[in-house]
Amino acid sequence: MSFINPPNSLITIIPPPPTVPPPPPPPPAPAPAPVAPPPPPPLPPAPSTRLLWNKPPENGWTPQPGDMWWLPPAQWFRPWYLPLGADVLRWAGHPVVVMSVDRARKEATICVKRSFGESSLYDVRPALNREERKDHIPVFPNPPHPDNGSLVYVAREPPKDVDYKPGYIWIGRDVVIPWGLLSGRRQTVLDRDSFEWLKEQRARAKLFHNQ
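According to the UniProt record's numbering, the sequence shown is numbered sequentially starting from 1.
Keep in mind that the hints were calculated from the coordinates and are not lab data.
Every value quoted in this text rests on a predicted model; they were computed, and no experiment measured them.
Hints may contain errors.
Derived DSS-like pairs (lysine-lysine); straight-line CA-CA distance at most 30 angstroms [as the list claims (entries may be wrong)]:
no., residue 1, residue 2
1, 206, 134
2, 106, 199
3, 165, 199
4, 165, 106
5, 199, 160
6, 165, 134
7, 106, 160
8, 106, 206
9, 134, 199
10, 165, 206
What follows is a set of in silico ranges between Cβ atoms, one per label pair, in the way DEER data are often shown [to be verified]:
no., residue 1, residue 2, range
11, 176, 130, 24 to 30 angstroms
12, 199, 75, 30 to 36 angstroms
13, 151, 104, 31 to 37 angstroms
14, 200, 62, 23 to 29 angstroms
15, 92, 162, 15 to 21 angstroms
16, 196, 62, 16 to 22 angstroms
17, 120, 89, 23 to 29 angstroms
18, 35, 124, 39 to 45 angstroms
We put the CB at the ideal spot given by N, CA and C, even for glycine.
Generate coordinates for the entire structure from the input sequences, incorporating the hints supplied.
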């Protein structure tokens with residue numbers, strides 16, 4: 001008997017083990033649910049008619065001609081107690097100049113200040129005709145008016161903690177409001193000569209616009 005080449009009957013063929021596929025990868029973790037942003041703070045309650053017509057501005061000062069203040073945001077305006085017209089609603093959140101004050105009625109006549117999106121009258125003048133440009137009076141440190149060189153000045157620097165924009169005083173329209181609607185702190189005041197000249201220009205604009 002040979003032990004080198006055993007008979008075929010003694011050879012056992014062992015089959016390879018079956019191929020087991022690897023386990024599938026685990027499913028990806030679910031994305032975290034989006035977190036809803038916190039709700040906005042509630043709007044301040046609209047002041048009543050009685051409050052508006054009888055209170056002084058927020059800091060207790062009585063407005064004076066030539067003062068610069070802010071009108072409050074639009075949510076403070078309610079048509080059922082402020083029949084002031086579309087002009088005032090369009091001016092919501094803008095700075096204004098007090099042109100005159102009726103102390104008996106606690107009213108202020110105001111003109112709005114515009115900033116043209118921080119642009120100068122030089123930049124926006126192609127979109128305005130000459131008469132429209134004439135109704136916008138620049139406040140220093142803006143450059144003088146591009147057509148007539150006009151420029152008005154404030155009597156003193158505004159407080160550092162007051163939001164102040166020089167802007168352009170629009171004399172094409174004025175409106176009467178209860179002075180309690182003036183919001184925030186007084187920004188500053190025009191100097192006397194500038195304000196007297198501004199009143200003359202507003203009177204001219206009233207005649208031109210037949211107001």
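For each hint, the structure was consulted:
1. 206 / 134: With Cα atoms ~13 angstroms apart, residue 206 and residue 134 stay inside 30 angstroms; holds.
2. 106 / 199: OK: residue 106 and residue 199 at ~20 angstroms, within 30 angstroms.
3. 165 / 199: holds (21 angstroms)
4. 165 / 106: holds (26 angstroms)
5. 199 / 160: Distance ~28 angstroms between residue 199 and residue 160 Cα, so the pair holds.
6. 165 / 134: With Cα atoms ~20 angstroms apart, residue 165 and residue 134 stay inside 30 angstroms; holds.
7. 106 / 160: Holds - the C-alpha atoms of residue 160 and residue 106 are around 29 angstroms apart, at most 30 angstroms.
8. 106 / 206: holds (23 angstroms)
9. 134 / 199: Answer holds: residue 134 to residue 199 is near 14 angstroms, not above 30 angstroms.
10. 165 / 206: Answer holds: residue 165 to residue 206 is near 25 angstroms, not above 30 angstroms.
11. 176 / 130: 24 to 30 angstroms: This hint holds: roughly 29 angstroms between Cβ atoms.
12. 199 / 75: 30 to 36 angstroms: Taking Cβ atoms as reference, residue 199 and residue 75 lie about 32 angstroms apart, which means the hint holds.
13. 151 / 104: 31 to 37 angstroms: Since the Cβ atoms of residue 151 and residue 104 sit about 35 angstroms apart, the hinted range of 31 to 37 angstroms holds.
14. 200 / 62: 23 to 29 angstroms: Check passed, 25 angstroms falls within 23 to 29 angstroms.
15. 92 / 162: 15 to 21 angstroms: holds (19 angstroms)
16. 196 / 62: 16 to 22 angstroms: holds (21 angstroms)
17. 120 / 89: 23 to 29 angstroms: Since the Cβ atoms of residue 120 and residue 89 sit about 27 angstroms apart, the hinted range of 23 to 29 angstroms holds.
18. 35 / 124: 39 to 45 angstroms: holds (42 angstroms)
The structure meets every hint from the earlier list without exception.
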